[in-house]
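2 protein chains.
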Amino acid sequence: MTQSVADVIAKLREHLKKISHYQEAVALLEWDARTGAPRKGAGLRAQTIGTLAAELFRLQTAPELAEWLERLTEPAVYAELSQVDQAIVRETKRDYDLLAKIPADRFAAYKVLTSEAQSVWEEAKAASDFARFAPYLEQIVAMKLEFIDHWGYGEHKYDALLDQYEPGMTVRRLDELFGALRTHTVALVQEIVQCGRKPDTGILARPFDVGQQRALSIAMLQRIGYDFEAGRLDETVHPFMTTINRYDNRVTTKFVPDDLRPSLFGTIHEGGHALYEQAIDPSFIGTPLATGTSMGIHESQSRFYENMIGRSLPFWEGAYGELVRLFPAQFADVPVYDFYCAINAVEPSLIRIEADEVTYNLHIMVRYDLEKALIEGDLRVADLPEAWRAKMQEYLGIVPPNDALGVLQDVHWSGGDFGYFPSYALGNLYAAQFRATLQREVPGVWEEVRRGNLGVVKAWLNEKIHRFGKLLTPGDIVQQVTGEPLDARYWTAYLDEKYRPIYGI
Amino acid sequence: MTQSVADVIAKLREHLKKISHYQEAVALLEWDARTGAPRKGAGLRAQTIGTLAAELFRLQTAPELAEWLERLTEPAVYAELSQVDQAIVRETKRDYDLLAKIPADRFAAYKVLTSEAQSVWEEAKAASDFARFAPYLEQIVAMKLEFIDHWGYGEHKYDALLDQYEPGMTVRRLDELFGALRTHTVALVQEIVQCGRKPDTGILARPFDVGQQRALSIAMLQRIGYDFEAGRLDETVHPFMTTINRYDNRVTTKFVPDDLRPSLFGTIHEGGHALYEQAIDPSFIGTPLATGTSMGIHESQSRFYENMIGRSLPFWEGAYGELVRLFPAQFADVPVYDFYCAINAVEPSLIRIEADEVTYNLHIMVRYDLEKALIEGDLRVADLPEAWRAKMQEYLGIVPPNDALGVLQDVHWSGGDFGYFPSYALGNLYAAQFRATLQREVPGVWEEVRRGNLGVVKAWLNEKIHRFGKLLTPGDIVQQVTGEPLDARYWTAYLDEKYRPIYGI
Numbered sequence: 011m012t013q014s015v016a017d018v019i020a021k022l023r024e025h026l027k028k029i030s031h032y033q034e035a036v037a038l039l040e041w042d043a044r045t046g047a048p049r050k051g052a053g054l055r056a057q058t059i060g061t062l063a064a065e066l067f068r069l070q071t072a073p074e075l076a077e078w079l080e081r082l083t084e085p086a087v088y089a090e091l092s093q094v095d096q097a098i099v100r101e102t103k104r105d106y107d108l109l110a111k112i113p114a115d116r117f118a119a120y121k122v123l124t125s126e127a128q129s130v131w132e133e134a135k136a137a138s139d140f141a142r143f144a145p146y147l148e149q150i151v152a153m154k155l156e157f158i159d160h161w162g163y164g165e166h167k168y169d170a171l172l173d174q175y176e177p178g179m180t181v182r183r184l185d186e187l188f189g190a191l192r193t194h195t196v197a198l199v200q201e202i203v204q205c206g207r208k209p210d211t212g213i214l215a216r217p218f219d220v221g222q223q224r225a226l227s228i229a230m231l232q233r234i235g236y237d238f239e240a241g242r243l244d245e246t247v248h249p250f251m252t253t254i255n256r257y258d259n260r261v262t263t264k265f266v267p268d269d270l271r272p273s274l275f276g277t278i279h280e281g282g283h284a285l286y287e288q289a290i291d292p293s294f295i296g297t298p299l300a301t302g303t304s305m306g307i308h309e310s311q312s313r314f315y316e317n318m319i320g321r322s323l324p325f326w327e328g329a330y331g332e333l334v335r336l337f338p339a340q341f342a343d344v345p346v347y348d349f350y351c352a353i354n355a356v357e358p359s360l361i362r363i364e365a366d367e368v369t370y371n372l373h374i375m376v377r378y379d380l381e382k383a384l385i386e387g388d389l390r391v392a393d394l395p396e397a398w399r400a401k402m403q404e405y406l407g408i409v410p411p412n413d414a415l416g417v418l419q420d421v422h423w424s425g426g427d428f429g430y431f432p433s434y435a436l437g438n439l440y441a442a443q444f445r446a447t448l449q450r451e452v453p454g455v456w457e458e459v460r461r462g463n464l465g466v467v468k469a470w471l472n473e474k475i476h477r478f479g480k481l482l483t484p485g486d487i488v489q490q491v492t493g494e495p496l497d498a499r500y501w502t503a504y505l506d507e508k509y510r511p512i513y514g515i
Numbered sequence: 011m012t013q014s015v016a017d018v019i020a021k022l023r024e025h026l027k028k029i030s031h032y033q034e035a036v037a038l039l040e041w042d043a044r045t046g047a048p049r050k051g052a053g054l055r056a057q058t059i060g061t062l063a064a065e066l067f068r069l070q071t072a073p074e075l076a077e078w079l080e081r082l083t084e085p086a087v088y089a090e091l092s093q094v095d096q097a098i099v100r101e102t103k104r105d106y107d108l109l110a111k112i113p114a115d116r117f118a119a120y121k122v123l124t125s126e127a128q129s130v131w132e133e134a135k136a137a138s139d140f141a142r143f144a145p146y147l148e149q150i151v152a153m154k155l156e157f158i159d160h161w162g163y164g165e166h167k168y169d170a171l172l173d174q175y176e177p178g179m180t181v182r183r184l185d186e187l188f189g190a191l192r193t194h195t196v197a198l199v200q201e202i203v204q205c206g207r208k209p210d211t212g213i214l215a216r217p218f219d220v221g222q223q224r225a226l227s228i229a230m231l232q233r234i235g236y237d238f239e240a241g242r243l244d245e246t247v248h249p250f251m252t253t254i255n256r257y258d259n260r261v262t263t264k265f266v267p268d269d270l271r272p273s274l275f276g277t278i279h280e281g282g283h284a285l286y287e288q289a290i291d292p293s294f295i296g297t298p299l300a301t302g303t304s305m306g307i308h309e310s311q312s313r314f315y316e317n318m319i320g321r322s323l324p325f326w327e328g329a330y331g332e333l334v335r336l337f338p339a340q341f342a343d344v345p346v347y348d349f350y351c352a353i354n355a356v357e358p359s360l361i362r363i364e365a366d367e368v369t370y371n372l373h374i375m376v377r378y379d380l381e382k383a384l385i386e387g388d389l390r391v392a393d394l395p396e397a398w399r400a401k402m403q404e405y406l407g408i409v410p411p412n413d414a415l416g417v418l419q420d421v422h423w424s425g426g427d428f429g430y431f432p433s434y435a436l437g438n439l440y441a442a443q444f445r446a447t448l449q450r451e452v453p454g455v456w457e458e459v460r461r462g463n464l465g466v467v468k469a470w471l472n473e474k475i476h477r478f479g480k481l482l483t484p485g486d487i488v489q490q491v492t493g494e495p496l497d498a499r500y501w502t503a504y505l506d507e508k509y510r511p512i513y514g515i
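Going down the list, the sequences are from chains A and B.
Basically this note's numbering = 1-based index in the first sequence + 10.
Basically this note's numbering = 1-based index in the second sequence + 10.
What the hints contain is simulated information worked out from the structure, not anything from laboratory work.
This list has only true hints and no planted wrong ones.
In the EDC-like style, the derived pairs of lysine to aspartate or glutamate whose C-alpha atoms are separated by at most 16 Å in a straight line are:
#1 B:LYS50 to A:ASP237
#2 B:LYS50 to A:GLU239
#3 B:LYS121 to B:ASP427
#4 A:LYS50 to B:ASP291
Negatives, chain B to chain A, calculated, CB over 12 Å:
#5 ALA225
#6 ARG271
#7 VAL455
#8 PRO495
#9 ASP497
Here are the in silico distance ranges between beta carbons for each label pair:
#10 B:THR246 to A:SER129: 35 to 43 Å
#11 B:ARG49 to A:ARG224: 17 to 25 Å
#12 B:ALA229 to A:PRO217: 25 to 33 Å
#13 A:GLU457 to B:GLY60: 46 to 54 Å
#14 B:VAL452 to A:ALA339: 52 to 60 Å
#15 B:THR246 to A:ALA141: 45 to 53 Å
#16 A:VAL220 to B:PRO73: 50 to 58 Å
#17 A:LYS111 to B:THR246: 40 to 48 Å
#18 A:LEU109 to B:ALA119: 31 to 39 Å
Where a beta carbon is used, it is the ideal one built from N, C-alpha and C, also for glycine.
One chain only, chain A, in its complex shape (with noise of 0.2 Å):
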């Protein structure tokens, strides 16, 4: 007997809400671990997860998922469904494809492979050692080349890597971004080294009081409309932003006590993050539809907070105040123009994510050209360092003196995580695009940063790309909120208009 497809949508949405129960336990185990847990609990927190995620993959792969997505999947079947069943059966089936399409002892497998990997990196990279490393990486690549045969791909075998963190990106349309984005920026780049002039950084690098930097944090992500009711703000090594359940959306930072930029410019990137998850339509809870839709526009939301309002003039001009309040001593008599220039400072750099606003993509194009020709077979890994310095020179003008500085620099590829870094780049290009919008769609709304009324850009970020989670696939956000296709020179445009000035070019 045929069940009706109500009755498969509602077993499948009982499934999915499970998982959501799941993901949101492991997610509270890491947090944890990466927060206040006490470190000799670590390895018994460790098969928890293990535990706990073994389940997790055995629901988002359990054989009547298969069944009732065949189902939905039907073309009669899916074109009576509604808008959001047919973006819950689309995004269940990505996840569902993305696990059951690998046999099951080759991931795991690649999970012990990846594990072992990361410990071995970082050991490779304190002794900036890429040999001990390379081995690893090697295995890695050949078994992300056996992935991708099973996951199928279109004309590029790296299509198949960028689609699972941007999905519908491809390396024909990456190219073409890239491309001319490359050559305005290295030029750029270029104009402003040459320029001679140089922003006083070192009133960023003095003492700071840590209760103050808190006291600061919590300040900014009160002021960009972080809701605290649904989060909180904790201290760690590598800051993140992590969704526990649709009301509770947890930011990390890092505070440094001679540096005010990791926590300041942190924080409000996390809460960049943050404000994203919060506004998701709530309908949505126990959904894949429940986050955002790719990392390339969380990327977005975090990098517009972070660098286009949060290291934007008006925005300090309305909140210059709280700061030498806070901290007298460093900023009573600096003049909020000269602050303004100090955390816009450009300078060609060894490491991407202590990279500024403008050389930050050419971090990311070192990365992407040497990752995709790893997997399109046009770079064997023993070739990596020397290409990773090839690269470096050609777009950033320096050399690193060591692979720890260079090549050993990231953690993603011992994780296995190629096609992630693209996603860095295009945030900004997306947040450019999308400022232009608000720009134009919201005239007076400089003025109202400058008064620190910032409830408007949140409001209008709510209204336009939030609410809508995964609803919507990246193309169509870009599409409906902008009213064309992602186009590199808003991003260069801002650059231009941004920089410029700060350098008098």
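With chain A held as given, fit chain B onto it using these hints.
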């Protein structure tokens, strides 16, 4: 084909390990909900806990568990098991029977009833309106009686409930223990009240900076030997200790700005619980043996540290300098003996959780008499408030002016926790008997405590009690440590020895 016993044991242990992982997850989800989780996420959190608790229940009542237990409890098989495996089988069977003997639908109905009853109790308490709560309590009692029939019992129905918290304890034994105790305590309290001497407790109820209170709580935990690398201290409305895993035993406390006692003694009390869990044999990890052997023995450890150490003169002769350093304005002019008398002031009062060490057991006996009568059919729910007032008058000489300060004060009955209250009094009795043995076996112990060397106390408790976890039953522990069964005379002697000098009687 019959499986080998070794195979069955291996499967059982694997299953128990999985259970322990779910217990860790649920414990963390609950700890987080009670400490720092944001308010708005509470509803979804409750659902997540529900899903994981249901899976935990499924694991604890799995049919294969019944098969394994049946095999392992065959006398010839059981006799050949190691002591540890015997204890694992015994404790697993206890847990299994408790859940699996109840029809699943009745257990579910009980969960719904007690969940509702707890909300109704809160309202009834706020309105001091027993009639509102009574119908729920009647249903809970009826359901408990139904469950007792499933579980089975010996001489008294109430024995089945006692045994859940204190294995082996019976009404017959408890009546015996509490009988002499009550006579002695009632008389001692009367002597104290009539002697006319009253320690100045005002020195404890003044403004105490919360940050300094936190520092004091940390210092006290460090002093008794709590391992902060296997735990942490947080703030809650109702302090508790929770074991997340064997190496993660968390303490919470409550800071009252104008009263030092709740945080100071609450922290030491919960710290006592934590010291127990932090010292259980690590080879028991992942089995039911990796926790305290009973509520009564657990309470003996918390009460020992709170009252027999934390309210002793030698302890404060060693620790008073630290207290004065943290609160010079409050204590610089107060002699340590006056402080000692103030923290040991005795006065009949209405609320159990605020009661002093001497009157505390009388509060327990009021509850024991009443809940025993309810279960044995000698008292109707409707008559409880009047019976409460009569018992309070009889044992403590005071009568609550309303039910909020009387029969409605405790949460336990609304959650169905009949048989739990006696554990608190048993904790006192066990503690006094252990204390007597400690003094005999470590003659210089109080001099060590005076010198701040609490390590000798902890080492003795670790060696004699803590490490055994649930390997030994409460009865075995008392016999093994003290050489005799539980005897209330150690407690009455302790009260005389401590309180007669304070009150000059």
